[in-house]
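Visitor: Chain R: place on chain V using the hints.
If you want the building blocks of each chain, they are given just below.
2 protein chains.
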Amino acid sequence: MADQKKVEAITAIDVDFTQWYTDVVLKAELIDYFSVKGCMILRPYGYAIWENIQKGLDGMFKATGHENVAMPLFIPESLLQKEKDHVAGFAPEVAWVTQGGSETLTERLCVRPTSETLFCDHYSRVIQSWRDLPKLYNQWVSVVRWEKTTRPFLRTTEFYWQEGHTAHATAEEAKLETRRMLDVYADFFRDFLAIPVVKGLKTENEKFAGAVDTYTIEAMMHDGKALQSATSHYFGDGFARAFDIQYSDRNNQQQYVHQTSWGLSTRSIGAIIMVHGDDSGLVLPPRVAPVQVVIIPIAAHKPGVLEKAQQIQSQLGASFRVKLDSSDKMPGWKFSEYEMKGVPLRLELGPRDLQQNQCVAVRRDNGEKIVLSLDNLTADVQSLLDQVHDGLYRKAQNSLDSRIRSAVGMADFADLIQNKPGFVKAMWCGDGACEQKIKDETGATARCIPFEQETIADTCVCCGRPAQKMVIWGKAY
Amino acid sequence: MADQKKVEAITAIDVDFTQWYTDVVLKAELIDYFSVKGCMILRPYGYAIWENIQKGLDGMFKATGHENVAMPLFIPESLLQKEKDHVAGFAPEVAWVTQGGSETLTERLCVRPTSETLFCDHYSRVIQSWRDLPKLYNQWVSVVRWEKTTRPFLRTTEFYWQEGHTAHATAEEAKLETRRMLDVYADFFRDFLAIPVVKGLKTENEKFAGAVDTYTIEAMMHDGKALQSATSHYFGDGFARAFDIQYSDRNNQQQYVHQTSWGLSTRSIGAIIMVHGDDSGLVLPPRVAPVQVVIIPIAAHKPGVLEKAQQIQSQLGASFRVKLDSSDKMPGWKFSEYEMKGVPLRLELGPRDLQQNQCVAVRRDNGEKIVLSLDNLTADVQSLLDQVHDGLYRKAQNSLDSRIRSAVGMADFADLIQNKPGFVKAMWCGDGACEQKIKDETGATARCIPFEQETIADTCVCCGRPAQKMVIWGKAY
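Taken in order, these protein sequences are the chains called V and R.
Counting with my numbering, you get residues 337 to 813 for the letters of the first sequence.
Counting with my numbering, you get residues 337 to 813 for the letters of the second sequence.
These aren't lab readings, by the way, just hints derived from the structure by calculation.
Don't take each hint at face value.
Intra- or inter-copy, both count: the list cannot distinguish identical chains.
Claimed, not checked - Simulated crosslink set (DSS-like; lysine-lysine; CA at most 27 angstroms straight-line):
(1) 659 to 391
(2) 535 to 805
(3) 363 to 665
(4) 420 to 373
(5) 665 to 398
(6) 398 to 670
(7) 705 to 391
(8) 705 to 638
(9) 665 to 511
(10) 535 to 398
(11) 644 to 398
(12) 705 to 644
Because the structure is a prediction, the values reported are computed rather than measured.
This is chain V alone, in the form it adopts within the complex (with noise of 0.2 angstroms):
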């Protein structure tokens, strides 16, 4: 029991929810800081749960027929140029390169922001024929925006993400795409993250630079503040246009191709932190958690007890990310290390469990003891670790549902925004300037226009026109 670091308490959750969240992160060991401002270093047990977000929603990609692609990290500034609002919207906020070795480049290259240009440039030179398409390419990479305020996966100077670029034959079958990837996103968010999120159309003010259409899943954060967490974006002909990608179709008509693109990022950990976590720090949906499965053993010098706990290690190895703590800590304190990192489900194995064949789990997410039998235990741990799944993503869609509120006029909305964490839904005539007085006087903006309208009112909050639409609203991350 020789010189154990202690796990030291973390700010209160809903004392200063800012200073919980940088408490979690770095004793959680999920990052460290880098003296480069907003570059962060992701530790191992931060990087496992990005491998295993990878992993899932790369399947779900490949499910529909989408390849992955390495495109190069540098966009030359003639490149970035060509399609106006993009290069508008990116300019101001990318990392240039303007030497390499010992000379000075004759063009600026920029560390890509995101990589449609990229994209299109190969696009046009690889698309010729209706055979050509669709492409369905992907890449996992990183990206860099210079950021002025940055804080840990939720807004970094470089940042991980996949970013989907697809073009089409036709507009319909790219606003198609569009849709499929942002379902695509909600799924994974319910299925793997457990987390609920409010799909809909961006507004003009806050769509991607560049697209026709921008559509955004939102969450919501334990502080009831909105996390835009994954978009996709349709672009028409905009960007083929701008790069000339033509292909002849079955009459040997030249044609412009319609692209979308669609990207989710490590903000997803991010979210999870800000969705699940406690006072007790890190709360991980077992389906990307690096450790599913903690055993400690109780007393293990006692005889059969460490042997009985590899053995559980091993069988449940075969099905689970399991891991044995038989270091020599005092169980208490790995109690709290593995709560602090999240781990879904604990497994406590001591000398009077073995002679029932017995050990007792412990879920994270509500603290629930159950005495399992030694007999069934893989089946068992799969079910509890489905219901911690389930009760996760119950507990969010409660959160999320309650702290939704309507306001019809200014009054209620300033009230609510300023006094009730959580969404505002509230009809709007449509107009920016409406949006930007919102803003300004409340600091909230529109999160979305949800796919799920409602009737709440005739006219809009902000002016009293004819509503054209129902918005959520909310300050947002």
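Guide: Chain R only, in chain V's frame:
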């Protein structure tokens, strides 16, 4: 049978090996060129090979206790400069970021050419006690080196690799790790890529900037030239002293850690192409081939053919990476296409095969045709894929063995290097001046001091002084 592209013939391998290589990487659709010199686009088929390499090698890393992390893309100039030999080796070939958004940076950032300095910086913060050791970290990323002459996969400005970086309590442990990871690479080349290698130590002139010892695996290409295929470096405590990475040992004394690093890159795809390829194109080793088995229906319009082909695809798909090509192209065209792409096994299925409950398997490596009963197909295909792997390895081993020749004097040496493609074994006095003279006079470099030493002569092939070691020499990529 509309507007089908034809597979155009490629340059013959023994007529112009360089042009053959370029033809193969383009016609097999591995890469597309990009406007930034030396940056390549990995197309789906090329990237899928890299994904399979990653999967296989990452499994070996995890089985040996290594964990993945992600370090930042940028290294501040002051951090790169901390270890003097290292910065001297890399500073001349890095890309520099000097502007972020609209601001000119006060300190230049280099785009990582390799990440020793990043790992050391992190280790200096997270290693405190002997309990924190060893740290066995790896990352899968791209790195950038501003190269003057580039060729796809072999030498590119941006390339993809893994870089392992470990820290140990003692020099002995770090030395064992260095050799262990070299063995992992050699095993991976043998078991996944079907490529035999020569293992050995690099000379002082050829070792990595900042290393005490650099170990290498060297493979022989079709043209007899060497490809340095992976390296493993022992650093002693040089980086630890430069970055102040100390831990308190069991006696509470402060000690410097001892470190290693090791890397394998997309160069390995170049090795696959240049070791196994032939006049018909790529020949892929089955364990990393994106498509292991392609099924080609013959007279697919005849009743039952396509249905049976689909049934076989579905059956084999449970165990292998299988593609069924039911397009309207001619079978002969398809044969050429999948030969160009190096698919290890082709299954042909026509009406007569159906009647006889069989299909015809054709091996890519040697063209052998084997009639297979449909009753035992999964086991037979597995066996054939293993035979292809073993056949490729044996052929490459024979090619390597028969082209390593001995020289005792400079006249012999120069004649062999000039007239006999392959490696030359020759004794060396250990003096870098002789090594340089050999390079100047013959163009051959010391590939390695192989672990398997022989005494070919008592004197240095160059100067006639007493020999210390046998060295493997060769022209190299």
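Visitor: State for each hint whether it applies.
Guide: Quick rundown of the hints versus the structure:
no.	hint	result
1	659 to 391	both (20 angstroms within a copy, 22 angstroms between copies)
2	535 to 805	within (14 angstroms within a copy, 69 angstroms between copies)
3	363 to 665	within (18 angstroms within a copy, 59 angstroms between copies)
4	420 to 373	between (29 angstroms within a copy, 25 angstroms between copies)
5	665 to 398	between (44 angstroms within a copy, 25 angstroms between copies)
6	398 to 670	between (39 angstroms within a copy, 24 angstroms between copies)
7	705 to 391	neither (31 angstroms within a copy, 38 angstroms between copies)
8	705 to 638	within (23 angstroms within a copy, 63 angstroms between copies)
9	665 to 511	neither (56 angstroms within a copy, 30 angstroms between copies)
10	535 to 398	within (23 angstroms within a copy, 38 angstroms between copies)
11	644 to 398	between (40 angstroms within a copy, 25 angstroms between copies)
12	705 to 644	within (20 angstroms within a copy, 53 angstroms between copies)
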